[in-house]
Amino acid sequence: MKRRGRGLACMWYPIGFTVTANPSAATVKVNEDGTATLLTGTVETGQGALTVLGQIAAEALGVATDDVHVVSGDTDTMPMDTGAIASRTTYVTGNAVKLAAEKARDILFEVAAPLLGVRADQLEARDRKIQVRAFPQRQLSIGDVALQAQAVKGQPAIGSATWNPPTVPMDPETGQGKPFNTYVYATQIAEVDVDDETGEVDVLRVVAAHDCGTAINPMLVEGQVEGGISMGLGFALQEEILFDAAGRQVNPNLTNYIMPTSLDMPEIEVDIVANYDPTGPFGAKGVGEPTAVPTAAAILNAIHDAVGVRITALPATAEKILAAIKARRAAAGKTLTA
Amino acid sequence: MDSKPVVDGQRQAELQRAATPGVAAEHPLRIYREPLPAVFPAELRVPEVRLQTPAVGQRATRPDARLHGLGQTRYIDDMAFPGMLHARIKRAGVASARILRIDTREAEAMPGVMAVLTGRDIPVNSFGPSFQDQPVLADDRVFHAGDGVAAVAAVTEQLAADALEKIRVEYEPLPAVFDPLEALREDAHQVHAPANNVYARKVIRKGDVETALAASAHVFEQQYRTQMVEHVPIEPHAAIALWDANGRVTLYSSLGRITLGRADVARTLRLPVNRVRLVGTIVGGNFGGKNEITQEPVLALLSKKTGRPVKGVYTRNEEFTASTTRHPFIMDYKTGVDRDGRILARKVRLVLDGGAYCSWSETTLGKAAILSVGPYRIDHLLVEACVVYTNKTMTGAMRGFGAPQVCFAYESQMDEIAAALGIDPLEIRLRNVFVNGSSSPTGQVLDSVVVRESLLQAAERFGWKEGGA
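First to last, the protein sequences are chains A and B. Position one of the first sequence corresponds to residue 0 (numbering that gives the first Met the number 0), numbered consecutively onward. Position one of the second sequence corresponds to residue 0 (numbering that gives the first Met the number 0), numbered consecutively onward.
Hint data in this document are derived by calculation from the structure and do not stem from the laboratory. Backbone N, C-alpha and C fix where the C-beta goes; we use that ideal spot for every residue, glycine too. Possibly wrong hints are sitting among the right ones.
Here are a few chain B residues that sit away from chain A, every Cβ distance over 12 Å (derived from the structure) [to be verified]:
| id | residue |
| --- | --- |
| 1 | Arg58 |
| 2 | Ser215 |
| 3 | Glu410 |
| 4 | Ser438 |
| 5 | Val448 |
Straight-line alpha carbon distances no greater than 20 Å define the calculated EDC-like cross-link-like pairs of lysine to aspartate or glutamate that follow [stated by the list, open to error]:
| id | chain 1 | residue 1 | chain 2 | residue 2 |
| --- | --- | --- | --- | --- |
| 6 | A | Lys177 | B | Glu383 |
| 7 | B | Lys464 | A | Glu31 |
| 8 | A | Lys152 | A | Glu31 |
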């Protein structure tokens, strides 16, 4: 008989490397028409990082996402980057991108200030315009200013910057210190059906509420959460590399190493928890890895809620769950009715 | 000994012709033969959301999504260069052994085989992000079954694979250790003797854990374990190496960290960093598994030896056996609480199965130790964590760096405590979670904390109070 259960798990996760420096650099070049090119040394590993970095540059320049072309991934031409690791791209590379874009924007402000008859620090970049703060009718298009900067002033708008999260080393005896500059938080709740005659688990639904600071691109946050949950589900129930007695893997293939497919995926509901971290670019932190962190714990708690057995060694395969159910029944002195 | 030719006469002639410089450009390179479908309309409609300001907060579509959707993304294996060769690496298949002899003569004599490489050919045969304890190809020792012992470049991938069969390696079997707890014992086989199997430790200490445990109304104790898993990216590790006439090497690679990859390649090849160019492409899944170099130095050296571009793409088997995996954890949790379910003290012992090489184990150990206490206010705690060598596939960076393992433990125990005290699982967490200004296990004052909000928001959406959907 199928028995329903629910389980929740929350977590915390840091952004960036543990104490160790993990800098990023970036260069932003504003073109003659007010569009821009962003150079970054990170690479797109499928998470949408380049889109997010482009949005950060666009925001700082007051232009749209499509106005910024992002170039990445060539050590000959790109500034250094610690890379796509440790959920650091939005936060660390993003801060470098924001600073670089602001430097390029400041050149535009310098050029626009005399034309608008104000000081550079009285200007802002919004809606593809350089405009006077609180007097938006006094404005020039960013394209006109960029062309003026390059072709008249001979001062093209280019900015480069680096950023590294500040940390404090941990004491080797006590571990006390400040290993990370910021952390994110999340909760996932799983609903499962467990067949108490076979031990088979069907994950029906996962509700995920994730903090990532400002969501630079909510759609990409949702994508990360959905992907993370699929990894967490495989970790919880199915995946395991097995070794023979001589230390050789026995299932190094996708026939015998069972990964979740789209058919195994539950219904996923993603909530982004409102938050703003002043140390991140426009308040953003990160979301990549944490999405895979609480899933297994939530599913295992849901299994316990459904059939009363606590599996303490992953993966919680049907065999393990059924054995635990049988042991529990035996201990309760009941005969197995399956 | 089997001396029959592996290919018939006509095929051999074809292969020899293909292997001759000058005719290489005629080599069957799929990408030049297939006409590109007409998928580049002159007028592309840009989605409205990419044109709106301000940019932050927009659900902007990705420029690479169009490429993915049309099958136009060029991954490494979609790339080819004239005259390009294909490399394969021979894997040891034994977990712990001394290499007595490697005989590559028969493989080298095969038509279409252009070069063979062993550990001796690597200028600096070690790499690793924390300790450089991993050889590019095995020197005289094998530390796990997935170790590469030799590599071949041939005109086709199949020929390279066939040539691996002709390489004869003589091993002297050595003792091995596979269980991390066994590896901790004094008398255990030391994987990298004289170094101790325990290659990194982490301690986090705060308050007085023993006194607080003794004063707790209830103490819960449980061991939790997790297994080894693979990243399983759809795109396996892939790279192409080619040299220019000025002695610069370019590597197209699926690496997720090209700046550091370049430094590692330069070090293993003993080249100035500015003679190495690393080009990253869109990566077909990383999840932590593509954070360090793998076959790049091998391809660069095979390319140097042959004067031809060389491509290497891991087989699915190699993805499992010769790339990093997620650390199995053995986690002992002892937690003291008061009658209301407030956690007073927590003692955690973590043993990480580090596999044959360090890779990202030190980072994983550090993050896991810090995070193992959970997002909870606990004044008295002790975490003792270590990672040990075993003669198994190396474990390294994988999405979460140890966090999914410890979260499984601390959240399982949280539910056990809640059940024993008759407190709702949501309520017991709300009583214990960090708030702004809380002190982390390392004594860091936390801000930007919204774990409470995430609990309430998820519970609301799920319908937790109503007893589930």
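### Task
List in ascending order the numbers of the hints, as given earlier, that are violated by the structure.
Structure breaks hints 1, 3, 4, 5 and 7.
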